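Take the given structure of chain A and dock chain B to it, following the hints.
Those protein sequences? They're chains A and B, same order as listed. Going by the working numbering, the first sequence opens with residue 1, and the numbers climb by one from there. Going by the working numbering, the second sequence opens with residue 1, and the numbers climb by one from there.
These are calculated hints, taken from the structure and not from any lab test. Here the structure is a predicted model, which is why all the values come from computation and not from measurement. The beta carbon of each residue, even a glycine, is placed where N, CA and C say it ideally should be. Be a bit skeptical, because a hint or two may be false.
As the list claims (entries may be wrong) - From the structure, some residues in chain A lie toward chain B, with a derived Cβ separation under 10 Å:
#: 1; residue: Arg219
#: 2; residue: Leu246
#: 3; residue: Val326
#: 4; residue: Thr329
2 protein chains.
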Amino acid sequence: MTRLTLALDAMGGDHAPYSAVKGAVQAVRASDTGVILVGAEPDIRAELGRQGVSGDPASAGLSIEHTDVVIGMGDAPSSVLRSKKDASVAVCARLVKEGRAAGFVSAGNTGAAMAAAVGNLGRIEGVHRPAIAAYLPQADGGFSILLDVGANVDSPPDWLQQFAVMGAEYAKFLFGVDRPRVGILSTGEERGKGNEMTKAAFELLESTPVNFIGNVEGRDLFSGRADVIVCDGFVGNIALKCAESLAETMFRLMKRGLMKNMMRKIGALLSRGAFKEIQKVADYSEYGGCPLLGVNGVAIICHGRSNAKAFANALGVARRYAEQNVVGTTRARILELQGTAAVPPRRS
Amino acid sequence: MTRLTLALDAMGGDHAPYSAVKGAVQAVRASDTGVILVGAEPDIRAELGRQGVSGDPASAGLSIEHTDVVIGMGDAPSSVLRSKKDASVAVCARLVKEGRAAGFVSAGNTGAAMAAAVGNLGRIEGVHRPAIAAYLPQADGGFSILLDVGANVDSPPDWLQQFAVMGAEYAKFLFGVDRPRVGILSTGEERGKGNEMTKAAFELLESTPVNFIGNVEGRDLFSGRADVIVCDGFVGNIALKCAESLAETMFRLMKRGLMKNMMRKIGALLSRGAFKEIQKVADYSEYGGCPLLGVNGVAIICHGRSNAKAFANALGVARRYAEQNVVGTTRARILELQGTAAVPPRRS
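Only chain A is shown next, with the shape it has when bound in the complex (with noise of 0.2 Å):
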């Protein structure tokens, strides 16, 4: 078969499997992609023909691979590669592993796709950890990029300069721009700000090819000034989650206040069109899903509460990914990295 096949965790997020099956008819219906779906069967199949698709589902490009493991909340994320080995990420990272799929995408427990991925992709070679990624909505209306806010702590200057070479290499297929602006995130602009970590870092990525814009403050990682910035990732994972839980408890505040009194929900109502756009401005549906950089394979994570659309999304950029061989030149830009560093990495 020529078609592009990926694998759909179809039992990851908040409505699995309806958004995720949902996600994959669409994508299927838009572009000549096949895609797997993996997790119990009859479930799959009820939401398959709630979605208009009845009988043989390879007539609309899909697939089913039957599983019942489910990860739970209380299960630790590398239990995919020991007694929970058939959870549905994991059988997902196996079909990629043997070539039945050219990527997988996931919804579900972001530690345990990461574990799955590693454990059965591993790492491209030369990288010492791969990362996650978050968009950043920016006041210009763009976006922009933030790593690693996975669970790298205690990140060593040369685990930063890795990260910034694969951000960038995932911004350029992202953004379509050829130089992306690579800053480090971090207390002032001056070199000389900032911690231990972070001042070495800076020392490092002069002498990296990429496009290094310097430090940038948190003040700056909405104000469109780089497009991928760099940091330890308990930091990265302390600042998401910061603006995240500021987002929504703004919103919420807003939305309480505009419905105390009825000139205030008129109020609200004539003006729900600026709400809207507001909102729009976070929605990072579009972009759909983040790969594991560094993973050696397509491995897209998305949200816990992505839609249909953002599955369908996920699957494009996962596609597209594949595709585009971004794991390749990432691979690439990785084994240069060791050729040209000339300044040895410090460990703090």
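Frame of chain A; chain B shown alone:
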């Protein structure tokens, strides 16, 4: 004179000396406090005239300490101890040192205020590093404090332990609670989550005489879970600036969206009460300022954008902070700590 007297840096803040002088006039009219206005005498006199204080300012409880040395953007904070010893904020700190004022208030450069305070007043006995706290508005309408948001990067665990103790003493004073809830900013609630430093600080705080509630995540910065959130100065700076800039960006985008057409403009007019309310949530001018915690004396810093009300409130905070001897109780807690610390401080 029995009246409590405070020194005010009249040259600090975005609208100097207007807001500072106006705030001082309000403060002396509202309570039996004396204020020494430190800065360029002609400018201060002119401003006093505009505020209805003509003739001898002493009759209004005000006096002027002249200096026209100004800290510029290019000056290092430490210049207040060397080439710019007569900068207004340094004169303020000396007035406290000499016993002519019970404390000082400044809305100028925070680094310079810290340098002037530490250089002239010293640290509380046993304190490794003074810390700067910031107010975080909470979804339930209250505030929490986050520290350190100053320059204490690469803080070892025992610095965090002291931040917790100093923050708790301040929270008792500020919120009038007996056992403020103290958390560590980390990447997960469980004790094993975080980086090496927060994990060691977690152990240390378990045996520290504060009401330690464990780790709090980035999403809990505005949830009302903790009264005092401690972190390394690098992380605190980034979280605070991230939050400030996101809130500003959201307000700006909202405003722009509401001005797009006539219908939205009318809607915005009808519902403007809600917007005023939400902007008020983030308005910490009621608290007016924040003490430099760990400094051996009363040194209150204000936001550069402080208006007259914020200055008046900051002078009120300084007065009560001095009267209630929070520096003394903090000293006692820090001494106590040296006796009770069961777990030896680890350095990461």
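In rising order, the numbers of the hints this structure does not comply with: Failing hints, ascending: 3 and 4.
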